[in-house]
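As a plain string of letters, each chain reads:
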Amino acid sequence: MNEYSIEFKNLVKTFGNSTILNNLSFGIHKNKITTILGFSGAGKTTLMKHILGLTMPTSGDVIVLGTAINKLDEMSLREFRRNFGMVFQYAALFDFLTSFENVAFPLREFTKMNEEEIKDKVLKLLDSVGISREAAYRLPSELSGGMRKRVGLARGLALDPHIMLYDEPTSGLDPITTHMVYDLMRDTQLANVKNGFTSVIISHDIHATLKYSDYIVFMEKGTVVEHLDVESFKKSANPVIRRFLEL
Amino acid sequence: MKAMVEKQIEQLGNTVMQMLQGLGDFTNFTFKTIFWTFKPPYRFKLLFEQIYFIGNKSVFIIFLTSSFTGAVFAYQIYVGMKVINADSFIGPLVTIALAKELAPVLSGLVVAGRCGAAMAAQIGTMKVTEQIDALEVMGINSYQYLAVPRILGATISLPLLSAIFLMIGYGGSWLIGTKLLQIDEVIFTSKVSDFMELGMVAEGIIKATVFGYLIGIIGTYHGFMVQGGAEGVGKGTNMAVVWGMITVLVVDFFLTSFLTKIL
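Quick note, the sequences are listed as chains Z and H, same order. Quick note, the first sequence lines up with residues 7 to 253 if you use the numbering used here. Quick note, the second sequence lines up with residues 2 to 264 if you use the numbering used here.
Think of the hints as simulated: they come from the structure by calculation, not from any bench. Some hints here could point you the wrong way.
[What the hints assert, rightly or not] Which residues of chain Z face chain H? A few of them, derived with a C-beta cut under 10 Å, are:
#: 1; residue: MET81
#: 2; residue: ARG88
#: 3; residue: ALA98
#: 4; residue: GLU115
#: 5; residue: LEU165
What you are looking at is a predicted structure, and each value in this text was computed from that prediction instead of being measured. C-beta: ideal position from N, C-alpha, C; glycine also.
Required output: the full structure, derived from the provided sequences and hints.
The following block contains the structure:
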């Protein structure tokens, strides 16, 4: 059985004359939390867009759950994306919907659940991320940054995804809320691990990464500098990583 | 000197390239929206919401614009017609002008200003706050979800608003003509029925439908093209209004030439 949820095979992405991703070949372990770390402009977000099929490679393959998603047609790709849950940098909640409606949105779009079942599931999900009943019926503009991220996480989990992606999930949050969100991400991973659940985090936060991740992929200028488990990463002699660790 | 000429040619080349790129993007966007209009799922709830917003919520401003347009136009025509003793023709002249030109064009300008701006601002804000990415990640086509209901909503609503404009504008002119300018009520209305033809009303309705479609597509296109933050949203909204209004006026000229021949 494949130990990877996601594999990149000779992945190259160029925009005009600049190479954003330079011949990447590695895998992201199933049932684990992997953090993609690196300085700004390293190609982390472009890599995540390739995982989602929002950007197509110039050459090479992106294999997710055994399927080369760069070879899927548009309709199949849209269907395939239901395997993903995603928490955006600033949550990206639909601002015209309440927290409840945001979480109910994918259920109404993609399942045949009735309103009673949707209500049960949404309230359970919101409860699991610590959103109160009262806050469930507020608009995103009436929530704090941390609460928005938690609602975003609940929305991402609504369709029971196999892969959860987090794009800088703690940017703009205070240290206490940052750890609360990371705790939640780890709890989510542990609660879903029996379903082959994989978490991929894009982050700049080295301290939280070392505490919560199982594996770390360190990128620089479109290449993977290191792909190690956390303990090996801490001991890495690579000067770029040492510099990052000393921040 | 040579360097300056080269620089100017380069700038001209860049401008032409940008225009071609914009045209290409717009054509691509248009085809995508047409494609996704006919693909299920059909989102009737979103369509009705847009018809309510573009149509129903514009009725008051259309009422104000049309009543005063009809009244002022009647008064101005009276001043001219009185000289040649043809003031009884106010009714048909105003009504024909309203049906063929004023109702569709002014309704179009009102909707371009009110709703074209709203479309660009709503979609643009969703773009810069990654809400459109969130839709795409869920597997929902953002063109189908955001653009198609707005384009169809404007295409359906504008002819209805134009018809309301015609009726209220006629009412305004009737009020000024018969009550203020003392034209006999029977003469006023009978002259209108003598000169008005169904083709004239059809011309206005066809124009309004085309304007509605164009306003919808221009408003949503500029929303999807927004880049950057709040400044980008402001720029996109401005472009949607300006291009919406210019398009209504320019396309009106060509439609008039075409429809006058066939109707």
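Inset, instruction - Starting from the hint list further up, note which numbers the structure goes against and sort them upward. - result: none
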